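Chains as they are written, first to last, in the numbering used here: chain A, 1 to 346; chain B, 1 to 346; chain C, 1 to 346; chain D, 1 to 346.
Simulated from the structure, these hints should not be mistaken for laboratory data. Keep in mind that this is a model prediction, so the values were computed, not measured. There could be a bad hint or two in this list.
Copies of the same chain look alike in the list, so a pair counts if it works inside one copy or between any two.
Keeping only pairs whose Cα atoms sit at most 25 Å apart, straight-line, the calculated SDA-like set for lysine to any residue is [said to hold, decoys possible]: (1) K210 / R117; (2) K210 / G335; (3) K110 / R281; (4) K194 / H41; (5) K110 / L172; (6) K210 / G127; (7) K110 / E226; (8) K210 / E263; (9) K194 / A44; (10) K110 / G120; (11) K194 / N303; (12) K194 / T58; (13) K210 / Q261.
4 protein chains.
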Amino acid sequence: MGNRVEHLRAAVVGASGYSGAEVVRLLSRRPDVDLTALVAHSAAGQPLDALYPDLTGTVGATLTGLEQADLGDADVVFIALPSGEGMAVAESLIAGRARIIDLGGDLRLKDTGLYRRSYGHEHVAPGALREAVYGLPELHREAICTARVVANPGCYPTGALLALLPALQAGLVETEGISICSMSGVSGAGRSAKVEMSFAEVNENLRAYKVLAHQHVPEIESVLGEVAGTAVAVSFIPHLVPLTRGIHTTIHCRLRRPVGQEEVQALYRDQYASAPFVRVRTGPPEVRAVAHTNYFDVFPAVNERTGQLVLLSVIDNLVKGAAGQAVQNMNLMFGFPEDHGLRGRV
Amino acid sequence: MGNRVEHLRAAVVGASGYSGAEVVRLLSRRPDVDLTALVAHSAAGQPLDALYPDLTGTVGATLTGLEQADLGDADVVFIALPSGEGMAVAESLIAGRARIIDLGGDLRLKDTGLYRRSYGHEHVAPGALREAVYGLPELHREAICTARVVANPGCYPTGALLALLPALQAGLVETEGISICSMSGVSGAGRSAKVEMSFAEVNENLRAYKVLAHQHVPEIESVLGEVAGTAVAVSFIPHLVPLTRGIHTTIHCRLRRPVGQEEVQALYRDQYASAPFVRVRTGPPEVRAVAHTNYFDVFPAVNERTGQLVLLSVIDNLVKGAAGQAVQNMNLMFGFPEDHGLRGRV
Amino acid sequence: MGNRVEHLRAAVVGASGYSGAEVVRLLSRRPDVDLTALVAHSAAGQPLDALYPDLTGTVGATLTGLEQADLGDADVVFIALPSGEGMAVAESLIAGRARIIDLGGDLRLKDTGLYRRSYGHEHVAPGALREAVYGLPELHREAICTARVVANPGCYPTGALLALLPALQAGLVETEGISICSMSGVSGAGRSAKVEMSFAEVNENLRAYKVLAHQHVPEIESVLGEVAGTAVAVSFIPHLVPLTRGIHTTIHCRLRRPVGQEEVQALYRDQYASAPFVRVRTGPPEVRAVAHTNYFDVFPAVNERTGQLVLLSVIDNLVKGAAGQAVQNMNLMFGFPEDHGLRGRV
Amino acid sequence: MGNRVEHLRAAVVGASGYSGAEVVRLLSRRPDVDLTALVAHSAAGQPLDALYPDLTGTVGATLTGLEQADLGDADVVFIALPSGEGMAVAESLIAGRARIIDLGGDLRLKDTGLYRRSYGHEHVAPGALREAVYGLPELHREAICTARVVANPGCYPTGALLALLPALQAGLVETEGISICSMSGVSGAGRSAKVEMSFAEVNENLRAYKVLAHQHVPEIESVLGEVAGTAVAVSFIPHLVPLTRGIHTTIHCRLRRPVGQEEVQALYRDQYASAPFVRVRTGPPEVRAVAHTNYFDVFPAVNERTGQLVLLSVIDNLVKGAAGQAVQNMNLMFGFPEDHGLRGRV
């Protein structure tokens with residue numbers, strides 16, 4: 001595995017959701033990738049462009065039910081299903097030849113007890129979970145290249161982890177008292193019919209939700225703990241803001257020692273020197289800079305008066321926070337250049 | 001002073017800005033208040049409803065220049081000018097009989113050196129500053145009732161201070177490490193022609209600004225220091241979000257001792273039992289609940305895992321964060337019921 | 001009927017929807033109105049402010065089911081239910097003493113065959129329909145004052161009819177070829193869980209819908225026909241635009257004779273001289289001028305080059321297009337001043 | 001001219017505006033195009049990505065003043081300046097070898113008297129005007145291929161003309177009484193500091209502007225007149241709606257003869273069979289389907305009751321309405337496939 005292939009056969013399960021459709025959109029631009037199946041039970045029989053009219057003329061495929069789909073001959077299967085539904089598909093594929101990229105939350109936590117407490121149901125895909133590599137390329141590039149199964153990170157964890165990792169890896173900040181304030185656009189909640197996601201309820205509104213209880217908390221803490229070599233507990237407050245795409249993450253943590261702004265800036269640049277999608281900024285990053293791109297922009301700012309490091313980061317939740325990162329992982333898994341098909345606006 | 005008057009004569013200087021026009025809007029609903037002068041140099045000669053067409057039929061007055069305006073016979077003058085411009089007007093009025101409510105930042109900091117460092121110019125209104133009472137009714141109600149001059153709090157400080165005060169006053173939290181993450185709608189920046197405030201730049205965008213350098217930091221720290229009895233340094237990160245009205249404030253601070261959710265909730269309710277515009281919520285507050293109202297909604301949440309108190313609050317930046325609070329102060333100064341003309345949606 | 005009452009007992013059926021809740025909001029400001037019952041089957045048992053958190057502190061009432069509600073002793077019952085549901089409630093009340101204001105579409109068309117073709121189901125409330133007066137105060141003020149049942153106009157018809165009536169009544173325009181292009185905010189679709197009304201689908205989007213097939217077409221044509229004394233067929237294209245509140249209507253019709261801009265302007269002013277909520281503008285009206293108000297703003301513009309009259313109008317669909325107009329009708333029915341409790345921003 | 005070149009040297013004058021920057025963004029994706037100069041007087045010396053942070057990492061160029069720029073060796077110069085400024089640049093280039101694509105309004109009207117009345121100043125570029133071909137590829141493909149100068153169409157005209165042309169060319173509709181109701185996002189007004197374009201004024205607002213007096217009227221009428229073979233006068237009402245990108249155009253015109261929905265649909269499909277960016281829809285088109293694409297989507301609908309043809313169309317004003325169409329024209333001028341670099345989302 002990991003050798004460059006000439007041509008890839010890809011299937012997408014959950015192609016009618018925002019993340020799944022974004023995978024389709026990204027892959028449809030690739031002459032070196034064939035889309036062999038687009039699966040979506042609720043919309044089976046409809047052409048995908050009935051749901052996403054921008055695709056008319058570029059994606060002509062029709063959605064099929066899972067039973068009707070032949071996933072067997074795909075080289076890679078993207079699973080973009082709600083947590084709890086994706087793992088069954090992953091487990092059913094584990095005996096076959098296809099490599100798997102799961103965009104849901106089912107394969108991100110190795111501790112199935114923690115999974116049950118976080119997601120509210122039992123884990124039923126031990127085989128897929130055993131094979132799964134957490135797919136944050138900037139942290140696990142090597143392992144992803146040879147992985148059979150990749151657990152694509154959550155959108156909030158991507159924005160928070162990439163901001164925190166260099167500081168933690170350098171031992172610059174305390175592992176206690178990390179406070180994460182994230183603000184997400186609405187597409188992060190998926191394509192679904194809910195009163196609280198209707199325009200009239202979201203527009204000219206802003207609110208926190210799942211305060212201290214979001215299912216992404218254990219995911220963030222697991223990765224931070226792995227990097228820090230010790231258990232880490234964070235405070236995570238997600239907010240819903242009136243925009244369609246984008247996550248802005250603002251993090252406070254305590255510095256272990258006085259450090260200058262230049263030094264921190266240099267540390268981040270060094271750490272991400274080989275990461276094609278990380279841009280270390282010298283001022284506050286903006287959501288519009290990353291919308292419809294696979295970039296992660298970060299600005300680390302030292303607060304000398306309080307001895308804190310403030311980290312500001314932005315991503316597009318559907319691209320770097322989901323579909324774009326999934327394709328980035330696919331590139332690594334199959335020997336393509338990491339940023340192939342993902343440069344600039346996508 | 002402080003006795004109930006039957007009828008009030010009020011003037012507004014800076015009536016063409018968002019805050020000034022909102023003062024006019026609020027006072028125009030009051031049969032017991034006469035608007036004697038609406039001053040706005042840049043738009044002098046225009047009827048106010050040419051700028052705010054909702055006012056057609058309810059406010060027919062024409063804007064005048066400062067030189068043309070007769071402010072001498074007003075009982076109260078609202079000053080809603082950019083910081084640096086308001087203090088000269090205040091100082092010129094201090095020899096007269098009118099009481100003054102300044103919505104700008106010029107009279108909020110008693111330390112003129114701190115003022116200069118924060119606002120970038122010298123303070124030139126010593127007389128007005130000497131008389132000025134910081135107009136946060138929930139903290140300084142008594143002093144406001146008899147004040148000659150009221151310095152109306154800034155929008156961000158209102159949202160942050162009202163959230164923090166009960167915890168600080170009860171000695172529940174450390175004064176170090178207070179991290180304030182605020183998200184503001186665009187009207188807080190005032191009515192002005194700036195590329196970065198244009199719809200095309202703000203919509204589908206979100207960014208922090210003036211990171212660790214906002215002029216509201218010393219205002220917040222001054223009041224917190226007064227309450228805590230010790231110098232307080234906070235980390236304050238303001239964000240610009242795509243909504244017109246509203247500020248959401250999310251604060252992390254460290255608990256001094258373990259405390260239960262119920263106890264904190266009760267503490268906040270007790271502390272604000274007599275505050276007509278504070279609503280202590282049992283879940284995350286929403287901007288839409290306070291838009292076009294003078295309410296401050298707050299939800300204090302204990303994070304037992306990290307030993308932190310998380311405070312979530314919302315206000316309408318133009319009402320409780322500016323014009324509504326100014327009228328609330330006027331009510332106190334002239335003996336009206338505190339919530340007179342300010343109940344419900346305004 | 002029509003005599004001024006001192007105190008009114010009012011009930012609202014369908015209080016959990018946007019229009020119904022807006023009726024409650026408006027009536028809660030009235031010391032002369034008691035809310036005796038708030039009915040909402042789907043949310044029965046919940047306090048109304050659980051759905052509309054701005055109401056906390058001003059409306060404390062709990063929603064009840066229709067069976068539990070005692071509507072018998074109300075002076076007036078507002079029905080704000082989806083079309084098809086409201087008429088059964090109206091019919092059940094017709095034997096009692098309460099007067100009825102129906103905000104739905106069930107009692108607006110006298111022709112039950114036309115109703116069936118427009119709404120897709122049979123009409124089952126002959127008694128209520130017989131008593132019903134079409135509640136456009138600017139056209140039917142006299143009849144409304146003494147009506148037992150008022151059919152409150154639809155939001156689109158309000159914006160279109162008030163714009164067209166003076167020109168039609170004056171015989172200024174042809175009754176053929178009237179083209180109506182309306183753009184509505186999302187709250188007009190009601191409070192409901194639909195993918196196509198979710199923020200992510202509406203934001204940065206704009207589309208026409210129900211092209212030439214909207215159920216408001218026969219309502220518009222019926223009233224125009226009544227005024228013109230001849231059958232009128234219009235082309236009506238509604239558009240969904242990304243705003244919460246507001247309808248902008250742009251109408252083209254053919255002038256019967258050359259006419260000057262001044263003459264048309266004067267005609268409109270004369271026609272609406274006694275209408276407290278109509279503002280005839282001399283330039284394009286704006287949605288923000290009428291948001292949260294009961295105003296209807298209109299700008300009639302003569303296109304001399306093409307011999308057309310262009311009519312531009314705006315309303316708040318939830319106020320003048322629904323709840324505000326309903327309260328305006330209530331005022332007329334019970335002898336209050338027409339604009340009582342409805343002046344300025346509400 | 002018209003032969004395929006291997007490699008193109010392109011310059012952009014006015015690269016700091018929304019349209020100019022979009023040209024840069026589109027060309028930066030092309031390995032076969034070199035950007036030789038990015039000119040912007042107001043921002044000279046700044047890197048373009050200081051204004052458009054999404055470009056960091058893909059466009060590293062710095063803006064230069066016009067005097068400093070060497071446009072002489074470019075194969076093609078894109079001019080994206082406000083009307084009145086662009087023609088001087090075009091005229092100065094006409095003696096050189098570069099071919100010119102002007103995105104402004106200066107070279108679209110052959111009648112300089114009409115130009116003066118529409119734009120308020122004299123025309124001063126007779127040489128460029130003489131060479132200019134109106135760059136609507138779906139109408140003038142042949143002429144564009146060999147043109148020295150292309151006048152790229154305005155955004156509103158693109159949306160209106162492409163909708164009307166098939167019906168007019170087929171003689172299906174009257175040339176009198178064409179009523180055009182357009183709704184545009186804010187980016188169409190360009191990147192500039194204006195109070196009326198600020199977020200707080202545009203959000204939750206909607207208004208018509210330049211009613212019957214927009215400078216695009218003569219452009220539309222000129223092209224329609226050319227196609228119809230007779231003078232055409234239209235009524236054109238542009239509206240500003242709260243979205244960043246996109247124009248929706250709704251047109252009413254009178255049918256000359258009864259025609260069925262199927263026949264019209266077939267006519268449009270036939271007419272645009274070879275147009276790679278036109279999609280004839282069978283239902284109302286949506287702005288989101290064309291945002292960030294070069295597509296023009298149209299839905300022609302017959303209103304049998306009124307004998308009218310209703311045309312609904314959408315474009316992205318910055319792509320098909322400006323930069324995308326300009327690159328489409330460049331493709332034709334230099335022998336590239338018409339849709340080269342413009343497929344799907346761009």
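Hints and how they fare:
In this assembly of identical chains, the alpha carbons of K210 and R117 lie at most 25 Å apart only when taken from the same copy (14 Å versus 40 Å across copies). Neither within a single protomer nor between protomers do K210 and G335 lie at most 25 Å apart by alpha-carbon distance, with minima of 39 Å and 43 Å respectively. In the homo-oligomer, the alpha carbons of K110 and R281 never lie at most 25 Å apart, since the shortest distance is 34 Å inside one protomer and 37 Å across protomers. For the identical chains of this complex, K194 and H41 are neighbours both inside a copy (19 Å) and across copies (18 Å), given an alpha-carbon limit of 25 Å.
Proximity of K110 to L172 under the C-alpha cut-off of 25 Å is found in neither arrangement, the shortest distances being 27 Å within a copy and 37 Å between copies. In this homomeric assembly, K210 and G127 never come within 25 Å of each other (Cα to Cα): the closest approach is 31 Å inside a single copy and 50 Å across copies. Only within a single protomer do K110 and E226 lie at most 25 Å apart by alpha-carbon distance; the minimum there is 12 Å, versus 49 Å between protomers. For the homomeric pair K210 and E263, the shortest alpha-carbon distance between copies (21 Å) is at most 25 Å, but the shortest distance inside one copy (36 Å) is not.
With identical chains, the CA atoms of K194 and A44 are at most 25 Å apart both within one copy (21 Å) and between copies (19 Å). Taking the shortest Cα distances, K110 and G120 sit within 25 Å of each other inside one copy (16 Å), while across copies they are farther apart (54 Å). In the homo-oligomer, the alpha carbons of K194 and N303 never lie at most 25 Å apart, since the shortest distance is 41 Å inside one protomer and 29 Å across protomers. In this homomeric assembly, K194 and T58 never come within 25 Å of each other (Cα to Cα): the closest approach is 30 Å inside a single copy and 27 Å across copies.
For a Cα distance limit of 25 Å, the shortest separation of K210 from Q261 across copies, 16 Å, qualifies, whereas the shortest one inside one copy, 34 Å, does not.
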